[in-house]
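Asker: Single-letter residue listing:
Number of protein chains: 2
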Amino acid sequence: MKLASLKGGRDGRLVVVSNDLAWFTEATHIARTLQAALDNWDLAEPELRGLAESLEHNSVPRDRFREHDAASPLPRAYQWADGSAYVNHVALVRQARGAEMPESFWTDPLMYQGGSDGFLGPRDPIPLADESWGCDLEAEVAVVTGDVAQGASREEALAAVRLVMLCNDVSLRNLIPNELAKGFGFFQSKPASAFSPVAVTPDALANWQDGKLQGKLEVELNGRMLGEADAGEDMTFDFGTLIAHAARTRSLGAGTIIGSGTVSNRGPDGGPGKPVDQGGVGYSCLAELRTVETINDGKPATSFLKPGDVVRIEMKDARRHTVFGAIEQEVRQA
Amino acid sequence: MKLASLKGGRDGRLVVVSNDLAWFTEATHIARTLQAALDNWDLAEPELRGLAESLEHNSVPRDRFREHDAASPLPRAYQWADGSAYVNHVALVRQARGAEMPESFWTDPLMYQGGSDGFLGPRDPIPLADESWGCDLEAEVAVVTGDVAQGASREEALAAVRLVMLCNDVSLRNLIPNELAKGFGFFQSKPASAFSPVAVTPDALANWQDGKLQGKLEVELNGRMLGEADAGEDMTFDFGTLIAHAARTRSLGAGTIIGSGTVSNRGPDGGPGKPVDQGGVGYSCLAELRTVETINDGKPATSFLKPGDVVRIEMKDARRHTVFGAIEQEVRQA
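Same order as they appear, the protein sequences are chains A and B. So that you can map any letter, position 101 of the first sequence is 101 in our numbering, and since no number is skipped, the others follow by simple counting. So that you can map any letter, position 46 of the second sequence is 46 in our numbering, and since no number is skipped, the others follow by simple counting.
Excised from the complex, chain A in its bound form (with noise of 0.2 Å):
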């Protein structure tokens, strides 16, 4: 079953959409919001499995989908917690920043409470008021779940997962150093986040395996490939073990987002890999192209992103067809 939220009021408006992302039918009647559907999902997964398959069966009222008229699944929410799953990446970009990196990342997640109240939509422009930023996407898995009780098994937590989306955490690079040495984590850093135009259950994910999304996550960068890193590989925490980490000490209400952190595999030799172009994977952010710059030339050829910059995030199933739809965001001056 695929979800999305039509532009509309603060929260959006509930729509069922077909499982080639052509049509989308109202969901309404069974839950104004995505979160309402969260906050009830027992009664309302049900009915709204049941108007997926009427949809398919074109037995509904339906209208053409257009990712454009598509807000974030979740326009704003309760709880974004963002991972680090990918811990190569982390190795990566702590390198570059001249950071060492402890040898318990590889065994006790990271993970950031991140900003909630607000999420870019799929399409919308990135507002950026100063470029000396450093303005970066990074593109990750992430996911929504149920409520999750405190000290949660990490099968548990995975069955409290309902919906898979795509993300652009978008990063203020220029800015992390300074947040971090004062020890309370990101804050003005991480600016709103976008996601996919749709969700997705995971049993309608013939790629969802053992709580990682498998796949390559196409990301480009002014219509050029930047990466296609593979999405379930070199994830050394899988959502189970993320969600449970996150409700160690406290329950998560239903709706909580969390993501993967930005996706990122190894090259063959187990070093960072190489730039599509020179037919590596590539990566799903800017900094670490510009670390894989750093350790080979000495300093970054790529910059940040600037106003007029466009990013495209998407996955594609095995017949080269969407699956969440795709997040394609100009940066604009703000």
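Quick caveat, the hints were computed from the structure, so don't treat them as lab data. Ideal Cβ positions, reconstructed from N, Cα and C, are used throughout, including at glycine. Any given hint could turn out to be false.
Said to hold, decoys possible - Where chain B lies over chain A, by a calculated footprint (3+ residues, C-beta under 8 Å):
1. 74–81
2. 112–125
3. 246–252
To be verified - Here are the computed lysine-lysine pairs in the DSS-like style, where the Cα-Cα straight-line distance is at most 30 Å:
4. B:216 / B:316
5. B:182 / A:182
6. B:182 / A:299
Please arrange chain B on chain A, whose structure you already have, making use of the hints.
Answerer: This is chain B only, laid out in the frame that chain A set:
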């Protein structure tokens, strides 16, 4: 005007409370929840104010207001960002950890993104699974904002303050050093916070001045006064400055909660001051008391919270009437 959310469902039921906290009247015909009122404040506020006036004149149906029946004013929120405006407190807690405090902390506000998917009610127990986590209270002042534009000035930010509350920002002290060392800020070390039974508009607070709430914040532990620091003193950053800091790189959605951080006053000599039973104003968290004990005696004498301990946080007006109602929470084995 005083507003509260009576328990019921995930978001409670909006009521207007009389100034003396003796009575309430239903407000759900104006807005079902406090978040809904904040989402449409320009429309909801005048109607709620009219209702509040009618309640004071006993010209609408009313019922006894019982603080036990109240959830936190926002039982869950889209954003909870907690500052650390009493830099005095930060200096002391760091001193106890043996961590240096950079000079910039006096000019650049500290702020962390907190979990907001579910808050404890003001009289709800504090669930604690493991005593060794070092559970502490933190008595704070918090404000709820309307929409704040990215780049808002301090004055614009102050104008966006809709409501003022008290807060118990529960912290798991023994989990903090490891989390902060990881560099991503607090997560497991900050379980659910609780807020006061009622939230009050700034105009109804005689002691709201220049973005600070003046007056003694009374903090009791097991019926004994732990602290009575003045929330208006030694607050290095007022709420306007804190909100503007939060909005530097992104807009803030209506219903954002911004916290002051643990209220803390210096002693007359500029040092940490004395416990209440030694003639000082005491402390608004156990960590600070333990720090002072360590400075004086080489080791802390006070333990962190254990099951059965009861915390109470309240502020009274010049006539010793409660302003926000009391947060009163017993620690319970989870």
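Asker: For each hint, tell me whether it holds in the structure or not.
Answerer: Tested hints:
no., hint, result
1, 74–81, "holds (count 5)"
2, 112–125, "holds (count 7)"
3, 246–252, "holds (count 6)"
4, B:216 / B:316, "8 Å, holds"
5, B:182 / A:182, "12 Å, holds"
6, B:182 / A:299, "26 Å, holds"
When the structure is compared with the earlier hints, no violation turns up for any of them.
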